[in-house]
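Take these sequences, add in the hints, and give me the full structure.
Read top to bottom, the protein sequences are chains A and B.
The numbers in this note's numbering rise by one with no breaks, and the one at position 3 of the first sequence is 3.
Counting from 1 along the second sequence, just add 1000 to a position and that's the residue number in this note's numbering.
Since the hints were derived computationally from the structure, they do not count as laboratory data.
From the three backbone atoms N, C-alpha and C, an ideal C-beta is built for every residue, glycine too.
This list has only true hints and no planted wrong ones.
Here's a subset of chain B near chain A, in silico, CB distances under 8 Å, partners left out:
1. Phe-1033
2. Gly-1042
3. Leu-1043
4. Leu-1045
5. Gly-1058
6. Tyr-1098
7. Arg-1100
8. Phe-1102
9. Pro-1104
10. Gly-1105
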Amino acid sequence: RKEVEQDPGPFNVPEGATVAFNCTYSNSASQSFFWYRQDCRKEPKLLMSVYSSGNEDGRFTAQLNRASQYISLLIRDSKLSDSATYLCVVNGHSGNTPLVFGKGTRLSVIA
Amino acid sequence: DVKVTQSSRYLVKRTGEKVFLECVQDMDHENMFWYRQDPGLGLRLIYFSYDVKMKEKGDIPEGYSVSREKKERFSLILESASTNQTSMYLCASSPGSYERYFGPGTRLTVT
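Pasting the structure below:
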């Protein structure tokens, strides 16, 4: 099983739609989880951290399921500007272990 | 705002040339990283450094070396460039183990 797995997409959704991405991770000792966003030909940027209790930032909701080892990102009321690749990121099992990046899920929001 | 700069956005080199990619961060971060990103393969860690003059191999260090003589600067060196090193190279810095601040990337083409 790969360390971090994501559906590569692309997800093509109309404006205003709700879309959800899932990501699975293999290291059950992972403690920290993130979603990064990468626009075309740009660098990745942190979108949000994922907390055990789940967290929300405007139209974005992130959830963690430790038992099943997956995290999710829900985007409500999609905007054209949400079109990007979303990277699932998980830390290693110790404080100094580098982050492990998923390959990303591509989202295209269509007018 | 954290700023991570990379010496070139685009670079074209010939096979066998020695290539230096420079990265500078202005936030006094201890940790710095070099990744390459290729279609279908995602972000892969080449080398990282947790302190001046320290370096650790990442997942794909072969064909690369690094130098960190000053805290703010982390250099990636391709001793003898090969065509399979054509890629997007991303530098990142981090104040701790987690969040990464990426530079804009250098698109290297080796002919």
